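Q: Chains as they are written, first to last, in this note's numbering: chain B, 1 to 227; chain P, 1 to 312.
Honestly, the hints are just simulated from the structure, not real lab data. Being a predicted model, the structure only gives us computed values, none of them experimental. One or more of the hints may lead you astray.
Lysine-lysine pairs mimicking BS3-like chemistry, simulated, CA-CA at most 30 Å apart [stated by the list, open to error]:
hint: 1; chain 1: B; residue 1: Lys-112; chain 2: B; residue 2: Lys-97
hint: 2; chain 1: B; residue 1: Lys-85; chain 2: P; residue 2: Lys-162
hint: 3; chain 1: P; residue 1: Lys-162; chain 2: B; residue 2: Lys-112
hint: 4; chain 1: B; residue 1: Lys-112; chain 2: B; residue 2: Lys-85
hint: 5; chain 1: B; residue 1: Lys-97; chain 2: B; residue 2: Lys-85
Some residues of chain P that are not near chain B, with every Cβ distance over 12 Å (derived) [stated by the list, open to error]:
hint: 6; residue: Leu-10
hint: 7; residue: Ala-30
hint: 8; residue: Pro-67
hint: 9; residue: Ile-122
hint: 10; residue: Leu-123
hint: 11; residue: Thr-142
hint: 12; residue: Met-146
hint: 13; residue: Leu-151
hint: 14; residue: Leu-154
hint: 15; residue: Phe-208
hint: 16; residue: Ile-222
hint: 17; residue: Val-267
The beta-carbon is built from N, C-alpha and C at its ideal position, and this holds for glycine as well.
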Amino acid sequence: MTLSVSGLNVERKGRVILAPTSLSIAPRARIGLVGASGSGKSTLGHALIDALRAQGVVVAHVPQSPDEALDPLRTMAFHWREAEKALCMGHNPARRKALFSALGIAYGNLTKRPWGWSRGMQQRFVIAMALIGAPALIVLDEPTSALDPVVAADTMDLLDNFLTGQDTAMVLVTHDLGLASRRVERLWVMSEGYLVEEATTEDILTRPTTEAAAKLAAHKSWLTVPC
Amino acid sequence: MIQTMLSLVLRAVVVLVGSALVTFVLLWNAPGDPAMAIAMARFNAVVPAEVVDQVRAEAGLDAGFWPAFKAWIGPLLVGDFGRSSVTGREVWPDLVTAVGYTYPLAFLALFWGLAIALPLAILAASRPGSVLDRVCVAMASTGAAMPAFWLGLLLILLFAVKLAWLPAMGARTASHIVLPALTLALGVAASLTRIIRSGILEARDQNFLPALQRRGVANSAIERDHVAPHAAIPVVTVFGLELAFLLEGLVMVEVIFGRPGLGGFLVNAIDARDFPKVQAVVLLTAIVFVAINFAVDIFYKLLDPRMEDRDA
Numbered sequence: 001m002t003l004s005v006s007g008l009n010v011e012r013k014g015r016v017i018l019a020p021t022s023l024s025i026a027p028r029a030r031i032g033l034v035g036a037s038g039s040g041k042s043t044l045g046h047a048l049i050d051a052l053r054a055q056g057v058v059v060a061h062v063p064q065s066p067d068e069a070l071d072p073l074r075t076m077a078f079h080w081r082e083a084e085k086a087l088c089m090g091h092n093p094a095r096r097k098a099l100f101s102a103l104g105i106a107y108g109n110l111t112k113r114p115w116g117w118s119r120g121m122q123q124r125f126v127i128a129m130a131l132i133g134a135p136a137l138i139v140l141d142e143p144t145s146a147l148d149p150v151v152a153a154d155t156m157d158l159l160d161n162f163l164t165g166q167d168t169a170m171v172l173v174t175h176d177l178g179l180a181s182r183r184v185e186r187l188w189v190m191s192e193g194y195l196v197e198e199a200t201t202e203d204i205l206t207r208p209t210t211e212a213a214a215k216l217a218a219h220k221s222w223l224t225v226p227c
Numbered sequence: 001m002i003q004t005m006l007s008l009v010l011r012a013v014v015v016l017v018g019s020a021l022v023t024f025v026l027l028w029n030a031p032g033d034p035a036m037a038i039a040m041a042r043f044n045a046v047v048p049a050e051v052v053d054q055v056r057a058e059a060g061l062d063a064g065f066w067p068a069f070k071a072w073i074g075p076l077l078v079g080d081f082g083r084s085s086v087t088g089r090e091v092w093p094d095l096v097t098a099v100g101y102t103y104p105l106a107f108l109a110l111f112w113g114l115a116i117a118l119p120l121a122i123l124a125a126s127r128p129g130s131v132l133d134r135v136c137v138a139m140a141s142t143g144a145a146m147p148a149f150w151l152g153l154l155l156i157l158l159f160a161v162k163l164a165w166l167p168a169m170g171a172r173t174a175s176h177i178v179l180p181a182l183t184l185a186l187g188v189a190a191s192l193t194r195i196i197r198s199g200i201l202e203a204r205d206q207n208f209l210p211a212l213q214r215r216g217v218a219n220s221a222i223e224r225d226h227v228a229p230h231a232a233i234p235v236v237t238v239f240g241l242e243l244a245f246l247l248e249g250l251v252m253v254e255v256i257f258g259r260p261g262l263g264g265f266l267v268n269a270i271d272a273r274d275f276p277k278v279q280a281v282v283l284l285t286a287i288v289f290v291a292i293n294f295a296v297d298i299f300y301k302l303l304d305p306r307m308e309d310r311d312a
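Let the sequences and hints guide you as you build the complete structure.
A: Structure representation (structure tokens):
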């Protein structure tokens, strides 16, 4: 089922953070939400999540860094259980095992707290947690910018492989076109609160029609970024 | 674990010996002749010089500082608090009696203080910046600035003199504990309210909470599982300090309300230069202090396991 939302908009103190936007996302779609810092990418991501939730759609969110997702005083087991409860699901060790192996998480010490795990593993854990409810959409907000390039590439490969067998669509919020060009087939380009361009990744990289997209595409650094 | 215990015992010994020595030095060098003070307290009159000399010899004051210190601390090491220089009675039973009045008062004050502070702080933190919050903070600041002896007198004026609801002086009945406990509790509540409030606000400001909300975790669960434990960390730290301030306030409040607790015991003993009695109170207080700090340490590590990790 195609997900669609209309009339998303965010204003703060009379300033437009996000101009009215309508979106639709096909099942299994891989979309990159790109734009310069402050262009409203994350805001659109959050608004999209809230709007879909209101429709009763299961949507998962992965923030930039595991520090923003995990409580340092609580064990990994606690976080997992809490995520299950939030989805009104019972505890299912088999599901956890499947997700762990899909994302290459060594069946580590779940009684440890986040700081007892490496950052890469923490982030994989957060992604695995997001996938518990077999969401219709997973929104990843710069999911690899806090990881080193090799770990980041591995993590994205594993997620890619896992999603290939699922109906889950993905929205990857990033300012990194290199990452986007390898991972998504469509791009949404944001500029100053407006969704200015929407097309296939290839079209935007080779034939951008707006200034914002052209600027992003002109930054050739994306060609050399390893992930 | 063994290392932790050893370092704890070592710290305790340093604190105890240090406080014993400092008190002894202070008493020894206080203005006036200690033997004269003891003799005057004993006979309740001005006494001739021969009697003072006799007292000096009896109390071991003629031998000089170090022998006197050794004579006192020696029996103490095997748990003997010695005898009062004034009455000749054993210090230990009198001390136990005094403690029996003081510690219930301390615990009640602490308990009431917490019982007042916790709801007030939660109320204030529920809407930071609101009128309610400002009223709570203003009340707490006023309370913290108010000295116990003044607050105690105000409470006596209101509840004992004007309304005649509660007794003011002594400790004959259970109701006698209400006013002194309230005096101390209000002071405790004043500082705890501010600490708990800011603890809650800081805990609510943590960067991982929005992600938990987006994950669908209920607000009540976030408050219980993620805000409360973080908010408790600074509160536990301050709670230990609070107990220290409480011990200090106790002496004054007990004297104001004429309670026969440690406060009166200590004041009388200092007046009479009754070294064994003063030292007993100081030592007991130091032991309680060390014990409280130890308990806070352990509790701290339970609350925040990151501490344990850093120690190791």
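Q: The structure should be examined with respect to each hint, and the outcome stated for every one.
A: Here is what the structure says about each hint:
Simply put, Lys-112(B) and Lys-97(B) have alpha-carbon atoms about 17 Å apart, close enough for the 30 Å limit, and the pair holds. This hinted pair does not check out: Lys-85(B) and Lys-162(P) have alpha carbons roughly 57 Å apart, beyond 30 Å. Distance hint between Lys-162(P) and Lys-112(B) is unfulfilled; the C-alpha atoms sit about 60 Å from each other, more than 30 Å. Our distance criterion of 30 Å between C-alpha atoms is met by Lys-112(B) and Lys-85(B), whose separation comes to about 20 Å.
Between Lys-97(B) and Lys-85(B) the alpha-carbon distance is near 17 Å, which keeps this suggested pair within the 30 Å criterion. Consistency note on Leu-10(P): stated as away from chain B, and its beta-carbon is indeed over 12 Å from all of that chain's, at 30 Å minimum. Consistency note on Ala-30(P): stated as away from chain B, and its beta-carbon is indeed over 12 Å from all of that chain's, at 50 Å minimum. With 12 Å as the threshold on Cβ separation, the claim that Pro-67(P) sits away from chain B holds: the shortest Cβ distance comes to roughly 55 Å.
The non-interface label for Ile-122(P) is consistent with chain B: the shortest C-beta to C-beta separation is roughly 20 Å, beyond 12 Å. Interface exclusion of Leu-123(P) from chain B stands, the closest Cβ pair being 25 Å apart, more than 12 Å. With a minimum CB-CB distance of about 34 Å to chain B, Thr-142(P) clears the 12 Å threshold, and the non-interface call stands. Remark: the non-interface label on Met-146(P) is consistent with the geometry, its nearest Cβ contact in chain B lying 36 Å away (cut-off 12 Å).
No Cβ of chain B comes within 12 Å of the Cβ of Leu-151(P); the nearest lies about 37 Å off, and the non-interface call holds. Residue-level check passed: Leu-154(P) sits 42 Å from the nearest beta carbon of chain B, beyond 12 Å. For Phe-208(P), the requirement that its beta carbon stay farther than 12 Å from each beta carbon of chain B is not met, with the minimum near 5 Å. Ile-222(P), annotated as away from the interface, has a beta carbon of chain B within 12 Å; the closest lies near 9 Å.
Every CB of chain B is more than 12 Å from the CB of Val-267(P) (nearest about 45 Å), matching its label as outside the interface.
Hint compliance for this structure: hints 2, 3, 15, 16 are not met, and every other hint is.
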